[in-house]
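Whenever a hint applies, use it, and build me the whole structure from the sequences.
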Amino acid sequence: MELIVNSEAHTVEAPEDMPLLWVLRDMLDIKGPKFGCGVGACGACTVLIDGEPVRSCVTAAADVWGEVTTIEGLPDGERLHKVQEAWIKHEVPQCGYCQSGQILAAVALLETTPNPSDDDIDAAMDNLCRCGTYPRLRAAIKTAAGMEG
Amino acid sequence: MGKIAKYTRRGFLGLGIAAAGGLAVGYYYYQKPYPNPLPGTLPEGAYSFTPYVIIGTDNQITIITPRAEMGQGIHTTLAALVAEELDVDMDQITAEHGPAAAAYHNSGMMKEGAPFPFFEEGFMAEAARGAMGVVGKFLALQVTGGSSASTDAYEKMREAGAAARETLKAAAAARWGVQAKDLTTASAAVVHPDGTKLNYGELAAEAALLEPPKSVSLKDPSEWKILGKSQKRVELLEKVTGGTIFGIDVQLPEMLYATVVMAPRFGARPASADKAAALAVSGVQKVVDIVTTTGAGFGVVASNTWAAFEGAKALAPTWEAASYPADTAGITALYEAALEGEESFTLGGEGDALEALTEASDVIEAHYSVPYLAHATMEPLNATAQFKDGKLTLWLGTQAPGIAQTVAATMLEVETEDVEVITTHLGGGFGRRAEVDVPLYAAAIAVQTGGKPVKVTWSREEDIRRDTYRPMAVSKLRASLKNGLPDALDMRVAAPSVTKSLMARTFPSMGSAGADRSILDGGFDQPFSWPHSRFAAHQLDTDIPVGFWRSVGYSINGFFHESFLDELAVAGGQDPLEMRFAMMKDERHAPAREVLKAVADMANWGQPLPEGVGQGIAHTLSFGTWTAEVVQVDMRGGSVKIEKIWVAADPGLVLDPGNFEAQITSGVIYGLSAAVGQEITFSDGRVEQENFFDYDALRMAGVPPIEVSLLTNSHKMGGAGEPGTPPIAAALGNAIFAASGQRLRDLPFGKHVEFDLG
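Protein chains in written order, with numbering that gives the first Met the number 0: chain U, 0 to 148; chain Y, 0 to 757.
Simulated from the structure, these hints should not be mistaken for lab results. A portion of the hints provided could be inaccurate.
Here are the simulated SDA-like pairs of lysine to any residue, each with C-alpha atoms no more than 20 angstroms apart in a straight line [to be verified]:
{"no.": "1", "chain 1": "Y", "residue 1": "640", "chain 2": "U", "residue 2": "118"}
{"no.": "2", "chain 1": "Y", "residue 1": "643", "chain 2": "U", "residue 2": "117"}
{"no.": "3", "chain 1": "Y", "residue 1": "231", "chain 2": "U", "residue 2": "89"}
{"no.": "4", "chain 1": "Y", "residue 1": "231", "chain 2": "U", "residue 2": "87"}
{"no.": "5", "chain 1": "U", "residue 1": "88", "chain 2": "Y", "residue 2": "229"}
{"no.": "6", "chain 1": "Y", "residue 1": "180", "chain 2": "Y", "residue 2": "205"}
{"no.": "7", "chain 1": "Y", "residue 1": "640", "chain 2": "U", "residue 2": "120"}
{"no.": "8", "chain 1": "U", "residue 1": "141", "chain 2": "Y", "residue 2": "704"}
Now the stretches of chain U that chain Y is said to cover, found in silico as 3 or more residues with beta-carbon under 8 angstroms [claimed, not checked]:
{"no.": "9", "segment": "8–19"}
{"no.": "10", "segment": "27–38"}
{"no.": "11", "segment": "63–71"}
{"no.": "12", "segment": "92–98"}
{"no.": "13", "segment": "117–131"}
{"no.": "14", "segment": "135–142"}
C-beta: ideal position from N, C-alpha, C; glycine also.
Dropping the structure here:
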């Protein structure tokens, strides 16, 4: 099968039902998307497909309909995405394991809702974080949106 | 931001980054320190005589931060301790985890394992702490736990930085022909009185030939430039670019992928398995039998992780019966019987509580319970192992590299030196990653892969169903009042010993003796003056493995004790805050009064609130940090909406306020998730829950604003990672009572009330 990941084309030999997550991690050595639950319940594996957030652990690689973006493909060359900059400013990460997925979910939210309300953030950001970085995560999204500090 | 490429794919185990010709210095003043483990790992031409500082001739400065970075920011705080005294800026250093080595033992953790309250400083308490610290050194426990990393490192890592600084100054003095005392240091350079500078890298080779000073004087805190101020995390850029290498991200040439299917009935052996069906799955290469001290089962080796998971499903094993009752009702019956039986031991206590309660006219009695809990770290458990030429290498996100090394060597019957543990970043730990089951299973598989490395990733289902659980516990509390104030308390707790369970699976030949204070932590050691009190452990051990879970016993008894105090306040017609003040009479309890006062001010405690809205308060002293919390709930809509949480915490000394606040908040949310909805139950001898859909934690929408204030009245430094957790369940339950009159005594509360989680 053919996959475009972070603007690079790959040809992969994989079973039809193999989830995108494992193709990325174990075959293409793209480790940003994380395994968390395998059932689409936590969001650690979030990637963007044509800009839409998708849980790659429950998406068969064969069904991928567009270009895949992982955290590795988010910066524009040497320049971090504004969401990554906001994550640094607010020092969001603790263990950091869920943050690739959180950042991509936030990027997708700000694409569709440039000035999200708290309710918008609550609705869009349901990825799990066991370190409980939620308060700083919320503040960082607002900063990335240019809404506050 | 010009360094993305460097950070996103930086090599881990970066010890090699010290340039050839570098210098490793470090220092701490112990009578007989363990050998410095660094020399053999440094490039040709490098020198080292102690364990914490490496300086390259290119002025690359690496600080060894030998505690597990699992999100708590410890690499930053430990590096700051060295950097402060070494006189280097935080952006001039790299923090590295370093190897598993005796030199990095944690004596701070063992010290507070002595069975005395934190504020007790009598001769016996201090002697016991000293002895326990020596035990920590003797056993060389390089463990990250007990919120002890900063307290353990506080002296020795500053001394390491100061000793290195003085040695570099001596080298500069020799080169310039001046006296070292006339030189100063700043930003990784020695400065001549005339303003000329020599950077540390230029001096490294000469300094390596010098003896470090026999003693150093440390800066007064008023001179600190780094400590006491919030620092950017050293690993921040990596963590927002996907560059951090967790255990699960380890990638090696010729690596195989595997998973495990371990006995879901703890202590049971496999009865049957369809290995042929597993091997028929595309990509599956091998099914391995695993028998270890921590459990028995199978490893499924494949060409990728997903194939291993699919093979594991096809294996469809059956298992022998469990030794304990098959369901939660049966297990609960064991607990209740233990609670009614004779106590195993008591700790602390004053007066004669049993006599006072016999004579009291009114006795208030309550029964409380908490369930087993899983850790559910964000990164599922995993380890990578390679067994080649009689030597084992483990790539492992671990809180206890030295123990993993020892236990794996014992299992494989090789020398301890033939096991190398390379510690990766940890995607959460919370106590789970101190266990040896993960590396043991990986090692058991690796001996059967013909020398190829194998990465063993547990499914989330394995992770939840084969945990070492926070124990279930039940408590019976009885108390009497005098003039409206508490007079006598008898607190009985039935729970297993975490230490005994851990020792049985980790060091089965050693056995374990003595009282496990964790059964009563959060009860007997709290800052209250009771005329009469008694704290009794009714120990009850089963084959269900129990382990360290963020704040351990305090997560249990903090809830029991602080909820029951709220009941006593109601019974005595007292304000719960004022009643606590009245009971905290001793001068040594002053920090508790201060954090309660602070949190009450923040929450505007005592203000009139609408019917259906309530505030609850609780305080627990744990891991040396006095922590008071207020929760406000709104139940006017029928369900419980958690509106806001206020916290005042006093760790005596705050090395990094931003990070401390983040840790307290993290601990609060971790405990809140458990209080609201987490529970591990049993049926058919197995854990019933298996993934985040039936063992969930709070998401963004369910977490209210949390305001944290830090105080520094305490007499010695406390920890950051755990103290936020213990008071939160009681504060929430007390708030629900204030709002509704409904007293909840069994966790999780979600079984009894509905929560509005957004």
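Do the hints match the structure? See the list:
1. For a cut-off of 20 angstroms, the pair hint linking residue 640/Y to residue 118/U stands: about 15 angstroms separates their Cα positions.
2. Our distance criterion of 20 angstroms between C-alpha atoms is met by residue 643/Y and residue 117/U, whose separation comes to about 15 angstroms.
3. A distance of roughly 10 angstroms separates the Cα atoms of residue 231/Y and residue 89/U; the hinted pair therefore holds under the 20 angstroms criterion.
4. Pair hint residue 231/Y plus residue 87/U holds up; C-alpha atoms about 8 angstroms apart against a cutoff of 20 angstroms.
5. Taking the CA atoms of residue 88/U and residue 229/Y, the gap is about 12 angstroms. The hint holds against a cut of 20 angstroms.
6. Between residue 180/Y and residue 205/Y the CA atoms are separated by roughly 18 angstroms; this keeps the pair inside 20 angstroms, and the hint holds.
7. Only pairs whose Cα atoms come within 20 angstroms are accepted, and residue 640/Y paired with residue 120/U is accepted, the gap being roughly 18 angstroms.
8. Of the pairs offered as hints, the one joining residue 141/U and residue 704/Y holds, with about 15 angstroms between alpha carbons and a cut-off of 20 angstroms not exceeded.
9. Check on the segment 8–19 of chain U: 3 of its residues sit with their Cβ under 8 angstroms from a Cβ of chain Y, so the three-residue criterion for coverage holds.
10. Check on the segment 27–38 of chain U: 9 of its residues sit with their Cβ under 8 angstroms from a Cβ of chain Y, so the three-residue criterion for coverage holds.
11. Check on the segment 63–71 of chain U: 3 of its residues sit with their Cβ under 8 angstroms from a Cβ of chain Y, so the three-residue criterion for coverage holds.
12. Interface restraint, the segment 92–98 of chain U with chain Y: holds (7 residues with C-beta to C-beta distance below 8 angstroms; minimum three).
13. Counting residues of the segment 117–131 of chain U whose C-beta sits closer than 8 angstroms to any C-beta of chain Y gives 11, which meets the bar of three, so the coverage hint holds.
14. Look at the segment 135–142 of chain U against chain Y: 3 of its residues bring a Cβ nearer than 8 angstroms to a Cβ of that chain, three or more, so the hint holds.
In summary, this structure violates none of the numbered hints.
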